[in-house]
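J.: Required output: the full structure, derived from the provided sequences and hints.
Top line first, the protein sequences correspond to chains Z and Y.
In the working numbering, each residue's number is its place in the first sequence (first place is 1) plus 6.
In the working numbering, each residue's number is its place in the second sequence (first place is 1) plus 1.
The reader is advised that the hints may include incorrect statements.
Each computed DSS-like pair below joins lysine-lysine, with the alpha-carbon atoms no more than 27 Å apart [what the hints assert, rightly or not]: (1) Z:K103 / Y:K41; (2) Y:K42 / Z:K76; (3) Z:K103 / Y:K23; (4) Z:K103 / Y:K54; (5) Y:K10 / Z:K103.
Distance windows between CB atoms, simulated [stated by the list, open to error]: (6) Z:A84 / Y:I57: 36 to 46 Å; (7) Z:F18 / Y:L55: 38 to 48 Å; (8) Y:E45 / Z:E23: 28 to 38 Å; (9) Y:K10 / Z:S88: 14 to 24 Å; (10) Z:E44 / Y:V114: 22 to 32 Å; (11) Z:E44 / Y:K23: 21 to 31 Å; (12) Y:Q96 / Z:I73: 23 to 33 Å; (13) Y:G15 / Z:Y56: 38 to 48 Å.
To be clear, the hints were calculated from the coordinates, so they are not data collected in a lab.
The structure presented is a predicted model; accordingly, all values stated were derived computationally and were not measured.
Think of the CB as a built atom: it goes at the ideal place given N, C-alpha and C, for glycine as much as any other residue.
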Amino acid sequence: GQQLNQSPQSMFIQEGEDVSMNCTSSSIFNTWLWYKQEPGEGPVLLIALYKAGELTSNGRLTAQFGITRKDSFLNISASIPSDVGIYFCAGYSSASKIIFGSGTRLSIRP
Amino acid sequence: DTEVTQTPKHLVMGMTNKKSLKCEQHMGHRAMYWYKQKAKKPPELMFVYSYEKLSINESVPSRFSPECPNSSLLNLHLHALQPEDSALYLCASSQAGGPYGYTFGSGTRLTVV
Chain Z
7 GQQLNQSPQS
17 MFIQEGEDVS
27 MNCTSSSIFN
37 TWLWYKQEPG
47 EGPVLLIALY
57 KAGELTSNGR
67 LTAQFGITRK
77 DSFLNISASI
87 PSDVGIYFCA
97 GYSSASKIIF
107 GSGTRLSIRP
Chain Y
2 DTEVTQTPKH
12 LVMGMTNKKS
22 LKCEQHMGHR
32 AMYWYKQKAK
42 KPPELMFVYS
52 YEKLSINESV
62 PSRFSPECPN
72 SSLLNLHLHA
82 LQPEDSALYL
92 CASSQAGGPY
102 GYTFGSGTRL
112 TVV
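T.: Below, the structure is given as structure tokens:
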């Protein structure tokens with residue numbers, strides 16, 4: 007079946023650093039979604055990408071839909087403590103299904 | 002209203018109990034979903050309803066029984082669960098036919114004892 011490879015699995019960052027994470031797939035997706043999940047809560051949609059090559063920003067977050075439609079990345083600039091959480095990429099192809107990546111756990115280095 | 006509301010937030014049930022999880026949205030979405038999420042794992046799709054009809058069942062055991070009584074409500078009926086069914090159960094909704102507005106609720110933390 008379709009799988010998304012998300013990397014890195016975890017990151018320790020210092021406040022103020024830029025962060026980058028990505029997802030790759032062997033299959034083509036029509037839509038890429040990026041979610042953030044905090045403990046005890048459901049995933050919250052950060053950015054949705056609907057077109058190959060699309061680059062979209064949401065505040066300090068920027069995401070791109072790869073031109074091959076098989077990958078996407080998310081950048082966070084000037085990280086702050088509230089950025090801590092698990093970030094999931096998700097790809098939508100058809101049949102009302104979205105496939106999630108395994109997640110990137112973001113922590114602040116003390 | 003841009004929220005998906007799930008109740009209860011926490012549920013502890015015995016293996017012989019019958020309980021129900023509830024999900025409600027008022028965004029006019031015609032697709033609704035149930036997901037199961039274990040600790041440190043991504044959500045796994047269980048069921049998809051499209052226009053109040055079950056369109057996808059991801060080979061979920063029959064002890065989980067979904068119900069969509071109207072376009073705003075989605076229930077998950079639970080009976081004879083096992084301890085390994087303990088997880089965060091998430092409801093989501095979207096516009097039918099696509100991922101537009103794909104929004105999750107906060108989930109129900111279920112513990113089976």
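J.: With reference to the structure, classify each hint as holding or not holding.
T.: Here is how each hint holds up against the structure:
{"no.": "1", "hint": "Z:K103 / Y:K41", "verdict": "holds (21 Å)"}
{"no.": "2", "hint": "Y:K42 / Z:K76", "verdict": "holds (22 Å)"}
{"no.": "3", "hint": "Z:K103 / Y:K23", "verdict": "holds (21 Å)"}
{"no.": "4", "hint": "Z:K103 / Y:K54", "verdict": "holds (15 Å)"}
{"no.": "5", "hint": "Y:K10 / Z:K103", "verdict": "holds (25 Å)"}
{"no.": "6", "hint": "Z:A84 / Y:I57: 36 to 46 Å", "verdict": "holds (41 Å)"}
{"no.": "7", "hint": "Z:F18 / Y:L55: 38 to 48 Å", "verdict": "holds (43 Å)"}
{"no.": "8", "hint": "Y:E45 / Z:E23: 28 to 38 Å", "verdict": "holds (32 Å)"}
{"no.": "9", "hint": "Y:K10 / Z:S88: 14 to 24 Å", "verdict": "holds (22 Å)"}
{"no.": "10", "hint": "Z:E44 / Y:V114: 22 to 32 Å", "verdict": "holds (26 Å)"}
{"no.": "11", "hint": "Z:E44 / Y:K23: 21 to 31 Å", "verdict": "holds (22 Å)"}
{"no.": "12", "hint": "Y:Q96 / Z:I73: 23 to 33 Å", "verdict": "holds (26 Å)"}
{"no.": "13", "hint": "Y:G15 / Z:Y56: 38 to 48 Å", "verdict": "holds (45 Å)"}
Checked against the numbered hints given earlier, this structure breaks none of them.
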